[in-house]
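Visitor: Using the sequences and the hints given, assemble the complete structure.
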Amino acid sequence: MSSNVDILIVDDDKVVQKIVKRSLESEGITVRSALNGEDGLAKAYNSTPDIILLDVEMPGLSGYEVCHQLRENPRTSNVPVVFISSHSSLRERMQGYEAGADDYLVKPFDPEHLMAKIRVLIKYLEQKASLEKQYKLAEKAALTAMAGTSELGVAMDFMTKIFSYNNYETLAQGFFLATGKFGLNCCLLIMDEGESYWFATDGNISPLEKEMIEMAEKEPRIIDFGSRTIVNYPGICLLIRNMPIEDMERYGRTKDILPVFLQGMEAKIHALQTELALMQQSEDLLRSFGRIRTDLYYLAKTLMTNQEDSAKVMHQMIRDLNLDLLRMALDDDQEKYLLNRIESAIEEAAKRIDASPFIANSLSNVFLNLKTVTRKQRLLVETFIARHTAGPAEEVVIEDDNIELF
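All residue numbers for the sequence shown refer to full-length UniProt numbering, where the first residue is 1 and numbers rise by one.
Hints in this document: simulated from the structure, not taken from any laboratory. Predicted model, so just to flag it, every value in this text is computed and none were measured. Incorrect hints may appear among the rest.
Claimed, not checked - Here are the simulated BS3-like pairs of lysine-lysine, each with C-alpha atoms no more than 25 Å apart in a straight line:
#  : residue 1 : residue 2
1  : 371       : 336
2  : 18        : 107
3  : 268       : 181
4  : 107       : 21
5  : 123       : 133
6  : 128       : 117
7  : 21        : 123
8  : 123       : 107
9  : 133       : 14
10 : 255       : 268
11 : 43        : 117
12 : 210       : 268
13 : 43        : 128
14 : 43        : 107
15 : 43        : 21
16 : 336       : 312
17 : 255       : 181
What the hints assert, rightly or not - Here are the simulated distance ranges between beta carbons:
#  : residue 1 : residue 2 : range
18 : 57        : 124       : 24 to 32 Å
19 : 6         : 87        : 26 to 34 Å
20 : 160       : 274       : 15 to 23 Å
21 : 251       : 127       : 30 to 38 Å
22 : 163       : 128       : 49 to 57 Å
23 : 163       : 284       : 43 to 51 Å
24 : 130       : 25        : 39 to 47 Å
Ideal placement from N, C-alpha and C gives every residue a C-beta, glycine not left out.
Guide: Below is the structure:
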């Protein structure tokens, strides 16, 4: 039997007190006594016992009243109470149970019976203490798991929403909204082809913070100093100003969850860079299409003008030949023969040179295809611009967009 057990007996019968003391002290148990309810309450409140043996019938406060007051006091509300009574009916036992008793001992009793009940109560106390310890550990583990689950939920929510962020500013705002749920105050640097984009939870970044972040780019991935932590990822550098070092479990969870955020941001930054590159390429293609259409238009116009000029030159040459033949004094048959030969040759040459319908048809097809491609490309560019700007998409101007050949 443990020598640390402290038992208080409250009974106005000194003989009963003596029997109890002799029986329990022989087992190494500390026994204190009180002769009435008021004295018993005072001693229980002054030094909380492990077990209370309480007589039912006493002068002044009855055992039921004492037990009721013990249960209402936070210091003694959980102390096991054993009623001692000369009555053993079911009604008496039910009254004791209703008052808050844990067991019932009928007078007269022998020491062995008393010790049996005490051993049961001591085992009950030991089990209760063990269960309370296990419960506290389980409760702590459950709270930790709930916190971890909640934090993971915040991270997953950010990863879900990350697809809707269309530029670095909205991405940073979404990140700060998520880390704000962890109570974190952050500075963020995003690097893109030599350009630096700075963001902060409160909008303010001191010169020293910028210097530290820029210098930390070449350092290991995670740098801790006091309540500050710098985390490096390709193209991203994060400074956390207020790591929860006062709570090491939360501190550990925070450091575990940060890579989830930054890996998602890294992937999104690469996607944004790709989209911006494609948008720039599409804009360049649109301008190229415009220049090609303009050049083709003027090429076709030049060809058609040259054909008309060539025809005029040939007809003028025939008129000039008629005059020249008159000066040669040829007879009619010779003159007619030469003119017919020359005119036939000119007409044949004109037919071969005059490709206006073919040129018009070919260039019209080219223009139609270019117009279709340009329209699709413009829609793609407008979609990109709309995703990356808060306002309406800016129109990409194409020279001579409404050119009509014929």
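Visitor: With reference to the structure, classify each hint as holding or not holding.
Guide: Status of each hint after checking the structure:
no. : hint                  : in the structure
1   : 371 x 336             : 53 Å, violated
2   : 18 x 107              : 14 Å, holds
3   : 268 x 181             : 21 Å, holds
4   : 107 x 21              : 16 Å, holds
5   : 123 x 133             : 15 Å, holds
6   : 128 x 117             : 16 Å, holds
7   : 21 x 123              : 20 Å, holds
8   : 123 x 107             : 23 Å, holds
9   : 133 x 14              : 39 Å, violated
10  : 255 x 268             : 21 Å, holds
11  : 43 x 117              : 22 Å, holds
12  : 210 x 268             : 23 Å, holds
13  : 43 x 128              : 24 Å, holds
14  : 43 x 107              : 24 Å, holds
15  : 43 x 21               : 17 Å, holds
16  : 336 x 312             : 22 Å, holds
17  : 255 x 181             : 15 Å, holds
18  : 57 x 124: 24 to 32 Å  : 26 Å, holds
19  : 6 x 87: 26 to 34 Å    : 28 Å, holds
20  : 160 x 274: 15 to 23 Å : 20 Å, holds
21  : 251 x 127: 30 to 38 Å : 36 Å, holds
22  : 163 x 128: 49 to 57 Å : 53 Å, holds
23  : 163 x 284: 43 to 51 Å : 27 Å, violated
24  : 130 x 25: 39 to 47 Å  : 27 Å, violated
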